[in-house]
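Here the structure of chain A is known, so what remains is to put chain B in place on it, guided by the hints.
Protein sequence lines correspond, in order, to chains A and B. Using the working numbering, read the first sequence as starting at 1 and increasing by one per residue. Using the working numbering, read the second sequence as starting at 202 and increasing by one per residue.
In case anyone wonders, no lab produced these hints; they're calculated from the structure. Just to be clear, a hint being listed does not mean it is correct.
As the list claims (entries may be wrong) - Stretches of chain B that chain A covers, calculated by requiring three or more beta carbons in the stretch to come under 8 angstroms of a beta carbon on chain A:
| hint | segment |
| --- | --- |
| 1 | 207-216 |
| 2 | 225-236 |
| 3 | 273-284 |
Beta carbons: idealized from backbone N, C-alpha and C, even for Gly.
There are 2 protein chains.
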Amino acid sequence: MKRADFPEPVRALIGELKRLPGIGPRSAERVAVWLLQSSKADPTALAASLVKARETVSPCAACGFFATAEGCELCDDPKRDDHMLCVVEQATDVLPLERSGSFRGRYHCLGGKLSPLDRVSPEDLRIPSLLRRVEAVPGVEVILALGADVEGEATANYLAEMLRTRDCRITRIAQGLPAGGGLEHADELTLVRAMQGRRGI
Amino acid sequence: MKRADFPEPVRALIGELKRLPGIGPRSAERVAVWLLQSSKADPTALAASLVKARETVSPCAACGFFATAEGCELCDDPKRDDHMLCVVEQATDVLPLERSGSFRGRYHCLGGKLSPLDRVSPEDLRIPSLLRRVEAVPGVEVILALGADVEGEATANYLAEMLRTRDCRITRIAQGLPAGGGLEHADELTLVRAMQGRRGI
Chain A
1 MKRADFPEPV RALIGELKRL PGIGPRSAER VAVWLLQSSK ADPTALAASL
51 VKARETVSPC AACGFFATAE GCELCDDPKR DDHMLCVVEQ ATDVLPLERS
101 GSFRGRYHCL GGKLSPLDRV SPEDLRIPSL LRRVEAVPGV EVILALGADV
151 EGEATANYLA EMLRTRDCRI TRIAQGLPAG GGLEHADELT LVRAMQGRRG
201 I
Chain B
202 MKRADFPEPV RALIGELKRL PGIGPRSAER VAVWLLQSSK ADPTALAASL
252 VKARETVSPC AACGFFATAE GCELCDDPKR DDHMLCVVEQ ATDVLPLERS
302 GSFRGRYHCL GGKLSPLDRV SPEDLRIPSL LRRVEAVPGV EVILALGADV
352 EGEATANYLA EMLRTRDCRI TRIAQGLPAG GGLEHADELT LVRAMQGRRG
402 I
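Chain A on its own, in the form it takes in the complex:
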């Protein structure tokens, strides 16, 4: 006797859900059953929002952030300071900075970071368009807001080298103790960098 299983359309849905990041086989099954059984579920709305987002959202040709046919919220905002250009690895890195309210200039998303192990070389990043944007605004401050890991360091060093001959000021966001973190929880490298970055008060 064949052991019963979900009908094929449910199995197909579970298969698609299982491919999402962070969703294991058991969560995929739970989500699929909830979508089909719960009165609060609206799978049609989820399907529609998927199709709409896929069809209408694409990277901004200038900065690499998410844009629609109506344009790019970052590039189109006339109130942003053109003389500050914040370079981030991923488009998703923009939002934490925006939410912090600590920056009001323009952004440039590289689309990754240099990583020989992952076969990411300079040609894979949005560097030519960065250089063009820097050259278009003499004296611009280029803030390298890259990660504090090895690849972030390497990418920052590479960009600093490329930008050295351009008319711009190159800065890098600070590394040190995270807010609320005590010294006893900080690793050695963080403490080294916090010490190196000390400032007069």
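Here is chain B on its own, set in the frame of chain A:
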């Protein structure tokens, strides 16, 4: 200056994903970005499988398991034993039993369990159709495979009372130590039930 955020279609997608069980705001954002950026993602296929599952899958009128226009895998299988009827709370309870290979009869999904606190009363469960199915097969064994919690106990007692006057044999799945579990990890109630359920060897 307005702080930038995802374009509206992305925010709508995140909003729909956030409603899924077990998906928090951060996972929803991560899944949405992955769906839009990863070359491995196929949001169109996910959308299509959602719509197809919603449109083609509905509860079987007889047993309450997931069925399609082609029928119900459980009710249509001619090899299953009509003289054994396993009563479960949810349609999803069928699959663990099927995967265990321990049962080869018919199923009946109640669609819930009695729970005054959640306002689930007998009228909310698929009890009339259960009684009809029991009456249709004189001498059938009705196996109550309900949970070992208070509501499962109450539901089992209620069903046993309803079935007492029918021509059927009522059994209940055993409670005791879970496989692989030592006595030191078992709670008192589990041990009480394991002791009460002891059998000669």
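Status of the hints after comparison with the structure:
Counting residues of the segment 207-216 of chain B whose CB lies closer than 8 angstroms to any CB of chain A gives 8, so the stated coverage by that chain holds, three being the minimum. A count of 8 residues in the segment 225-236 of chain B with a Cβ less than 8 angstroms from any Cβ of chain A is obtained; the coverage claim is therefore met, three being the minimum. Coverage of the segment 273-284 of chain B by chain A holds [criterion: at least 3 residues with CB-CB distance below 8 angstroms; count 5].
Hint check: no violations occur; every hint is consistent with the structure.
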